[in-house]
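Q: Based on the sequences and whatever the hints tell you, model everything.
So you can see what is in the structure, the chains are spelled out below.
Number of protein chains: 2
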Amino acid sequence: MFRFDLLTTDGRARAGFFQTPHGEVPTPVFMPVGTQATVKAVSPRDLHNLGATVILANTYHLYLRPGDERIARLGGLHTFMGWDGPILTDSGGYQVFSLAQRRKIDADGVTFRSHIDGSEHRFTPEKAIAIQENLGADIIVCFDECATPSDYDYNVEALARTHAWAARCKAAHTRGDQTLFGIVQGGVFSDLRESSARFLTGLGFDGYAIGGLSVGETKEQMHGVLEILDGALPADRPRYLMGVGTPQDLVECVARGVDMFDCVLPTRLARNGGALTRTGRLNLRNARFADDPGPLEPGCTCYTCTHFSRAYLRHLTRANEILGHHLLTLHNLHLMLTMAREIRGVILEGRFQEYRANGEWRMANDEWRMTSGEWQPASC
Amino acid sequence: MFRFDLLTTDGRARAGFFQTPHGEVPTPVFMPVGTQATVKAVSPRDLHNLGATVILANTYHLYLRPGDERIARLGGLHTFMGWDGPILTDSGGYQVFSLAQRRKIDADGVTFRSHIDGSEHRFTPEKAIAIQENLGADIIVCFDECATPSDYDYNVEALARTHAWAARCKAAHTRGDQTLFGIVQGGVFSDLRESSARFLTGLGFDGYAIGGLSVGETKEQMHGVLEILDGALPADRPRYLMGVGTPQDLVECVARGVDMFDCVLPTRLARNGGALTRTGRLNLRNARFADDPGPLEPGCTCYTCTHFSRAYLRHLTRANEILGHHLLTLHNLHLMLTMAREIRGVILEGRFQEYRANGEWRMANDEWRMTSGEWQPASC
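Quick mapping for you: the protein sequence lines, in order, are chains A and B. Residue 116 in the numbering used here sits at position 48 of the first sequence, and the numbers go up by one each step. Residue 318 in the numbering used here sits at position 250 of the second sequence, and the numbers go up by one each step.
Among the hints, erroneous ones may be present.
Since the list gives no way to pick one copy over another, a pair counts as held whenever it fits inside one copy or between any two copies.
SDA-like, lysine to any residue: derived pairs with alpha carbons at most 25 Å apart [unchecked claim]:
| no. | residue 1 | residue 2 |
| --- | --- | --- |
| 1 | K195 | A358 |
| 2 | K287 | R324 |
| 3 | K238 | H291 |
| 4 | K287 | R236 |
| 5 | K108 | L337 |
| 6 | K195 | E225 |
| 7 | K108 | R170 |
| 8 | K195 | A387 |
| 9 | K108 | D359 |
| 10 | K172 | R71 |
| 11 | K195 | D359 |
| 12 | K238 | R71 |
| 13 | K287 | A198 |
| 14 | K195 | E288 |
These aren't lab readings, by the way, just hints derived from the structure by calculation. If you're wondering where the values come from, they're calculated on a predicted model, not measured in any experiment.
A: Right, dumping it as structure tokens:
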């Protein structure tokens, strides 16, 4: 039911296919985040139109509201949220450590208070798997502890728990129509990351998530960890870099062997009036857009760029209109999804190194050209 | 460029066509309200898919932000908001009297402070027309004073201003690709309404808006005014009842000769977790929907009802997710737009009286039937 085919590599960059019961996922892939069983400000119909192939949902949030048992009674997450493509749920580990109140960790699990109403709850590896089985995503992940990336002693301690919990998650997992990914931890430390990859590979998973990155370390540290893991993780299993990132991150992390990405950036930024473009971010609150009749990103083929001006998007943003959140979200997701497809294309053509080295991804947009040291629409 | 054809009548109910430079509007029609140059929580693409033929925008709001001159520079409202169908702008009168701060009325116009930043502004009839010419809607309306409906003396005074202003608006209006509607006022008073209709008809407009209703008077009073106006307004011009209303209002006011309707109810209610149905309103915050796998309105063919459960919509509403606002807005607008089309159909078939008398509009939905004194899905 699950099968990863590595089609080709170009340097460390990989192009593949991951089969799931709800459809095939061509990789590299960007996965929009649907924390509360909705990718914020867009509908499943929009996601299909954007070419999204797999989306995320969040175990911690859905456990608290509306409840995983309720979702199970209502037919599972696919039915509940009206998305018939593949879904990945995270383990709730990251949220327990970042959002929950008064958490108390012991060897067996974590006791915490809900960020919504302060009520007390407990997650163990078995509980995290039971919740994810109730939710019914295609891909689920082990319950892990996400430590401060540069604290060696804490990482050693947390990693011991994460590994013990991974074994318990694997033992607890029963649904054959779901696959379980291990999560590599170990902060920015090569030895810990290598030992984590070795330990989890020993347990054996259909895929490996890379946690504990993009949480405050430098890009160089993140890239260093990815290079180590590219050698340490099995080539025939997908690697999923959790919580990353930007258009540039896609290129740079694919270049270091990553297959799957998720990040709230495109959707969160959009709700704050921000647009991602191939040449940088735009803040639509900026007065310089007030009379700008041009599209967000010249040459972009998304619904937003083909129908609305920067001036209009600025107006919607200032007026705090929902349509502004919607249109910026469409554009930002379109960019990330399009770039992932484009990257896959150049890997399959054996041109990825060139694409990356030349900064070709910044100009893939037909109508942009570097002119007198500035990115300009080709027609200028 | 503008032409109203009254195709047929059934009692006082009328079916017609109103031609505008941006397309034909079959009447009776419900016009979604796009106060700030966006129908809240939906895109122009959604509006087209819903079958909206004409939408509203608001002169007061757009004058304040982003500014009517800016919109003119950016190509006018159609280009600015990406809606290529007909648009109607109101005069700003209602908002000046209900929203603005510290307003001061004199014979020449109104001085008021912005509800956004307290800045001082002045609207005169000439200014209201100039703003609406900058905005560039197909249908614009005269600047009027909306008085408390049951205060006779105030209505007499306000009506004198409204009439003088209507003459000045007509004189000030220059754009041939826009048509100007007069606004009948006069509160709940038959003599004032009749004299208002007579005066405005004397000036001569392509259509007549009916203002100052749905502002606190009873349904009986509103219906009474409409019956008087059906006799007093010319049959060969469209009548637009401002700010009305509910599914039942559509039926009851079409029955009294109204052709055009607008109301924020479907969109505003949606953003508060409310759904309109043919058999009443649903509040999605209600716990009884928590495990309800059924659609909002059984038999409804909208995107929301064909893809999502009440349980999911309740979850989105509780979690304050934008998708909840979007999906409820789609449903509510679908209902109002579908009902207006359906009403037109039964008028053309000569069955409107029967449709209304039998409460047929409540069951037009194939899968609802009255069973044991309750509206039930037919399958129950």
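Q: Confirm or reject each hint.
A: Here is what the structure says about each hint:
Taking the shortest Cα distances, K195 and A358 sit within 25 Å of each other only across copies (23 Å), while inside one copy they are farther apart (51 Å). Taking the closest pair of Cα atoms, K287 and R324 come within 25 Å of each other only inside a single copy of the chain (12 Å); across copies the shortest separation is 69 Å, beyond that limit. Neither within a single protomer nor between protomers do K238 and H291 lie at most 25 Å apart by alpha-carbon distance, with minima of 28 Å and 69 Å respectively. Neither within a single protomer nor between protomers do K287 and R236 lie at most 25 Å apart by alpha-carbon distance, with minima of 32 Å and 66 Å respectively.
Both within a single protomer and between protomers do K108 and L337 lie at most 25 Å apart by alpha-carbon distance, with minima of 11 Å and 20 Å respectively. In this assembly of identical chains, the alpha carbons of K195 and E225 lie at most 25 Å apart only when taken from the same copy (21 Å versus 72 Å across copies). When the C-alpha separation of K108 and R170 is checked against a cutoff of 25 Å, the pair qualifies neither within a copy, at 28 Å, nor between copies, at 39 Å. Taking the shortest Cα distances, K195 and A387 sit within 25 Å of each other only across copies (23 Å), while inside one copy they are farther apart (44 Å).
In this assembly of identical chains, the alpha carbons of K108 and D359 lie at most 25 Å apart only when taken from different copies (22 Å versus 28 Å within one copy). For the identical chains of this complex, K172 and R71 are neighbours neither inside a copy (38 Å) nor across copies (73 Å), given an alpha-carbon limit of 25 Å. For the identical chains of this complex, K195 and D359 are inter-copy neighbours only, at 22 Å across copies versus 54 Å inside a copy, given an alpha-carbon limit of 25 Å. For the homomeric pair K238 and R71, the shortest alpha-carbon distance inside one copy (18 Å) is at most 25 Å, but the shortest distance between copies (72 Å) is not.
Proximity of K287 and A198 under a CA criterion of 25 Å is satisfied in neither setting, with 35 Å inside one chain copy and 55 Å between copies. In this assembly of identical chains, the alpha carbons of K195 and E288 never lie at most 25 Å apart, being 36 Å within a copy and 60 Å across copies at closest.
Of the hints listed earlier, those the structure fails to meet are numbers 3, 4, 7, 10, 13 and 14, in rising order.
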